[in-house]
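Novice: Below are the chains, spelled out letter by letter.
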Amino acid sequence: MSIVAQQYLNMNEENVITAHELTKQFGGFVAVDHISFSIRKGEIFGFLGANGAGKTTAMRMLCGLSLPTSGTATVAGFDVYRQNEKIKRNIGYMSQKFSLYDDLTVKENIRFYAGIYGKSDRFIKEKTGYILQLLRLEKEADKLVGALPLGWKQKLAFSVAVFHEPQIVFLDEPTGGVDPITRREFWTMIYQAAESGITVFVTTHYMDEAEYCNRVSVMVDGRIEAMDTPAALKKTYGAASMDDVFLQLARKATRPANE
Amino acid sequence: MEVISGYTNTGKRAAAAGEKTPAVVVSNLVKLYGHKNETVRALKGISFNVSRGELFGIVGPDGAGKTSLFRILATLLLPDGGSATMDGFDVVKDFNSIRQRVGYMPGRFSLYQDLSVEENLHFFATIFNTSITENYAMIKDIYAQIEPFKKRRAGKLSGGMKQKLALCCALVHRPSVLLLDEPTTGVDAVSRKEFWEMLRQLKAQGITILVSTPYMDEAGLCDRVALIQEGRLLSIDTPRQIVEQFNRQLVAVKADNMLTLLQSARAFEGSQDGYPFGEYHHVVLKPGYNIGQLAAYLQETSHKNLVVIPATANIEDCFMAFMKEK
Numbered sequence: 001m002s003i004v005a006q007q008y009l010n011m012n013e014e015n016v017i018t019a020h021e022l023t024k025q026f027g028g029f030v031a032v033d034h035i036s037f038s039i040r041k042g043e044i045f046g047f048l049g050a051n052g053a054g055k056t057t058a059m060r061m062l063c064g065l066s067l068p069t070s071g072t073a074t075v076a077g078f079d080v081y082r083q084n085e086k087i088k089r090n091i092g093y094m095s096q097k098f099s100l101y102d103d104l105t106v107k108e109n110i111r112f113y114a115g116i117y118g119k120s121d122r123f124i125k126e127k128t129g130y131i132l133q134l135l136r137l138e139k140e141a142d143k144l145v146g147a148l149p150l151g152w153k154q155k156l157a158f159s160v161a162v163f164h165e166p167q168i169v170f171l172d173e174p175t176g177g178v179d180p181i182t183r184r185e186f187w188t189m190i191y192q193a194a195e196s197g198i199t200v201f202v203t204t205h206y207m208d209e210a211e212y213c214n215r216v217s218v219m220v221d222g223r224i225e226a227m228d229t230p231a232a233l234k235k236t237y238g239a240a241s242m243d244d245v246f247l248q249l250a251r252k253a254t255r256p257a258n259e
Numbered sequence: 001m002e003v004i005s006g007y008t009n010t011g012k013r014a015a016a017a018g019e020k021t022p023a024v025v026v027s028n029l030v031k032l033y034g035h036k037n038e039t040v041r042a043l044k045g046i047s048f049n050v051s052r053g054e055l056f057g058i059v060g061p062d063g064a065g066k067t068s069l070f071r072i073l074a075t076l077l078l079p080d081g082g083s084a085t086m087d088g089f090d091v092v093k094d095f096n097s098i099r100q101r102v103g104y105m106p107g108r109f110s111l112y113q114d115l116s117v118e119e120n121l122h123f124f125a126t127i128f129n130t131s132i133t134e135n136y137a138m139i140k141d142i143y144a145q146i147e148p149f150k151k152r153r154a155g156k157l158s159g160g161m162k163q164k165l166a167l168c169c170a171l172v173h174r175p176s177v178l179l180l181d182e183p184t185t186g187v188d189a190v191s192r193k194e195f196w197e198m199l200r201q202l203k204a205q206g207i208t209i210l211v212s213t214p215y216m217d218e219a220g221l222c223d224r225v226a227l228i229q230e231g232r233l234l235s236i237d238t239p240r241q242i243v244e245q246f247n248r249q250l251v252a253v254k255a256d257n258m259l260t261l262l263q264s265a266r267a268f269e270g271s272q273d274g275y276p277f278g279e280y281h282h283v284v285l286k287p288g289y290n291i292g293q294l295a296a297y298l299q300e301t302s303h304k305n306l307v308v309i310p311a312t313a314n315i316e317d318c319f320m321a322f323m324k325e326k
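In order, the protein sequence lines correspond to chains W and Z.
Using the numbering used here, the first residue of the first sequence is number 1, and each one after it goes up by one.
Using the numbering used here, the first residue of the second sequence is number 1, and each one after it goes up by one.
Treat each hint with caution, since some may be false.
Below, simulated DSS-like cross-link-like pairs (lysine-lysine); rule was C-alpha separation at most 27 angstroms, straight line [stated by the list, open to error]: (1) K234/W to K304/Z; (2) K162/Z to K97/W; (3) K97/W to K156/Z; (4) K252/W to K193/Z; (5) K150/Z to K252/W; (6) K140/Z to K203/Z; (7) K252/W to K326/Z; (8) K235/W to K304/Z; (9) K36/Z to K143/W; (10) K234/W to K193/Z; (11) K235/W to K254/Z; (12) K107/W to K119/W; (13) K139/W to K150/Z; (14) K324/Z to K143/W; (15) K304/Z to K254/Z; (16) K252/W to K162/Z; (17) K20/Z to K36/Z; (18) K252/W to K44/Z; (19) K93/Z to K140/Z; (20) K235/W to K193/Z; (21) K193/Z to K162/Z; (22) K36/Z to K139/W; (23) K88/W to K139/W; (24) K97/W to K140/Z; (25) K119/W to K143/W; (26) K143/W to K44/Z; (27) K326/Z to K139/W; (28) K127/W to K86/W; (29) K324/Z to K254/Z.
Because the hints were derived from the structure by calculation, they are not lab data.
This is chain Z alone, in the form it adopts within the complex (with noise of 0.2 angstroms):
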């Protein structure tokens, strides 16, 4: 790739990216933040890509390191070592490109309470130099729903028609990458749903979408996620891929009292690890165990109403596994 310094050249570097150049690249990157004594380290040297077109995901939970790291992508923040591209453009030299390019959806609303929805989306246009006309289909299905509510005050809006609002701002210059930080985050489960809709028509349209969430149960929606703890990737891949990489055999287990089942699961000999999974307890066996072992020391200690069935990982699952693998 021919490097240009500087944000003049921006047709010039567009061309030399090509269509080809993942839309996010990020190498080895670290944020610190504090002084010399109390130095946390945010972001502990991740790398990952992100293809053109692709609805990546990145999952953990809080104080993981997926603000700052959407921070640093979307130049509002500088990292302290490592580099990322978005869309060809270096995050540090390039900043003022990548704002053309680039649709930033914070975690918290950001946007102006005391303008009306229709003040805020025109805002946004005129500040990147477009209208709203110019660029409305891309947003039309979205704004639709909050249209008949154009002359409220943002700050009247309920929580759903905000984070609504929020999209069709981040989205008004028709940007190439979308940047969405934890949208779904104290959302119900109904408004989860349909915020994953919205995105899935918006990855029909072409826009490459980095999103992040707390919620493992999302994972399963994007296309390929990074798993993320404490400032480190735990796996990178498809969700399908990282299930079945789950290389345990798992079992779910219940019975009338689960806390005894769960205290009697995890003292089996051939349990690695038992936890509560919503009805179930999942029971992760130590390899060179089996099933049918499980259930017979269960059935000699006694639980009412035992079940006892295999069970397939999800991502939770997986993440856990990840997390006391480290």
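Chain W extracted, bound-state conformation (with noise of 0.2 angstroms):
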């Protein structure tokens, strides 16, 4: 039985997000284009697309950080325009970008996110001790954030993205930049995540990681042109790979990339 099969048994059918016909008008201009999908509990889901696709608005829209213009969307059980301020305690959120403060320790960090997610100072403590355990951090829990290798920042960034224990994490472009062994390390955190229960809701530029997702859409022009398994895409698109999958959605683009 394949992962995506099993997932699909353990999560009872039940859909953690759902978007229906969700656009976002700036202006003249339709970033998001009435896109629809769902997502099921324990997925990992590929969210790819060319610099300005719209994959940014729509997940800002997804995150609860920006009123849709039309269309319907739940994430987590609440609503997109009233109960943005639920969704945002209910979900994680990991980028390259934005992560962790430099300026603070280790184990600072996880205390001041756990914190703002109005987590226990018992639950705080126990799972501070977990966590570093697990990415074999203990030494370093007063050190500076800044003083650790980008591989550390990036795991540590993705533990306490799901410290709180979302029940979706969206990560942006997670790995961007780091070596070949850490992305892969990463990609067994993304697993074990999605194990438990964590729907995973993931951007990247690397194709390759494209196939660790069990789905997959493809954005161009705000529009999702496709989504599926990598597998079917693969077929349906009669590529090798998904990179082929990828140039030959995103080379029908016609509006310029504004990212």
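Once you've looked at the hints, go ahead and assemble the two chains, each given alone in its own frame, into the complex.
Specialist: Given below as structure tokens:
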């Protein structure tokens, strides 16, 4: 049985994200153009698209940071129009650009983020020990995050993003620039999070990473041009790799990248 | 080579340097940051040469030392040890001559956001005592793509167009060596392919190009590459040679459940290493073991729809092997 099939069984067909005709317009510019999809609990969903395709705008709406112009969406059971504060409490977020505070120690960063999500001192204390052990960062607990190598920072940032045990974690290009070994260790962490029932919504420019997702969507000019398992997409587009699939689709784009 | 100090004798020195000198010579280069207690060794003594007209790649992850190296070569940073020459000129003593002959595109967009496309280009031409028309042939193909937007402020351009403008500005004084620091980082797969196509065309005009990238798949597009990690070079060679030096048997495996397959593959006594690799996992075999033994072992552990096939190493496999050797 495939990972996909197994996870479909485990999650009782429960959708944690649904979007229907979700649209965002800035003046006359339609950044996100009637996109619809649903994502199941525990799924690893790859959200691909060229620069300027509308990925970031779509992600901001799903995270409760930007109100849609039209369409509907629920995230973790909450409505993106009326319950965006509740959405924020039930998701985790990490990107390459925004993650941890360099001038706080490893422990302080964990405490700070967990505190923001309202976790109890006891929960924080117990789980901090566990996380540090898992990442083999016990010796670095009181070091400034700025002094850590990039690969460690990225792994720590991911652990912090899921520390409060959110239903969904949004990862915006989480592995940019890290070495190939660390990149794979990072994906092992993603698999583990998904196994524990956390839904993973991830964007990446590395097409080999698209292969690690259960399902992948490709956005072109604000619309979702294709959505399926990597194997099915390759079959549909007669492509040898996800790189080929992506190039075939993204070349259709007519609007310029603005990121 | 004749040694003339100072930068007033540029003509003489260029003649002395001659066409046979490599375009770039880097010798035991060291760069340190920080103070006594907390020193970061960004470059730990690296050496390589780049021939004239070569498209040379520096491939490695963030923090490997790529930007420090480029800043030293662009004469914007002083090395703490070793030496380097660009077009025969020393990066410390002859910085002024180098600036005349080198085009540098930093990793971060560094043009004037509040000047238009045309004004930026004009500005950079003027500070190099030249004009856009004088060297138009060099930038024509690239500039033609952004010319329709020449009145637009640089800050209002899309990422791809900014990149093209920055490249034009780096080329406007017809440099003999072009330094491109991570031009494709954060850029999508389509724009990356377009950018490398532009580099190929520039190379055809005879310019020497030194380009850095964190994307392993771009290594194959260079004439030669230096793999860099934590301030040290892991290997320097043509992409083909690097791949051919991979001296272990490599096997690609897949099955319905990739997670348990990876665990099984790693548990096999003949496995030296096993890691996800796109659609497949790659398994590196220890000497004395073969693909048949691995296939038999995996069949015993009952994986559904198991596929076990020989694989050819690519740059990323090699990079990981070098990292683990160290």
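Novice: Determine for every hint whether it applies to the structure shown.
Specialist: Hints, verified against the model:
no.	hint	verdict
1	K234/W to K304/Z	21 angstroms, holds
2	K162/Z to K97/W	20 angstroms, holds
3	K97/W to K156/Z	21 angstroms, holds
4	K252/W to K193/Z	15 angstroms, holds
5	K150/Z to K252/W	25 angstroms, holds
6	K140/Z to K203/Z	14 angstroms, holds
7	K252/W to K326/Z	44 angstroms, violated
8	K235/W to K304/Z	20 angstroms, holds
9	K36/Z to K143/W	18 angstroms, holds
10	K234/W to K193/Z	20 angstroms, holds
11	K235/W to K254/Z	17 angstroms, holds
12	K107/W to K119/W	15 angstroms, holds
13	K139/W to K150/Z	55 angstroms, violated
14	K324/Z to K143/W	26 angstroms, holds
15	K304/Z to K254/Z	9 angstroms, holds
16	K252/W to K162/Z	21 angstroms, holds
17	K20/Z to K36/Z	42 angstroms, violated
18	K252/W to K44/Z	45 angstroms, violated
19	K93/Z to K140/Z	34 angstroms, violated
20	K235/W to K193/Z	23 angstroms, holds
21	K193/Z to K162/Z	16 angstroms, holds
22	K36/Z to K139/W	22 angstroms, holds
23	K88/W to K139/W	32 angstroms, violated
24	K97/W to K140/Z	35 angstroms, violated
25	K119/W to K143/W	23 angstroms, holds
26	K143/W to K44/Z	24 angstroms, holds
27	K326/Z to K139/W	23 angstroms, holds
28	K127/W to K86/W	23 angstroms, holds
29	K324/Z to K254/Z	24 angstroms, holds
Hint compliance for this structure: hints 7, 13, 17, 18, 19, 23 and 24 are broken, all remaining hints hold.
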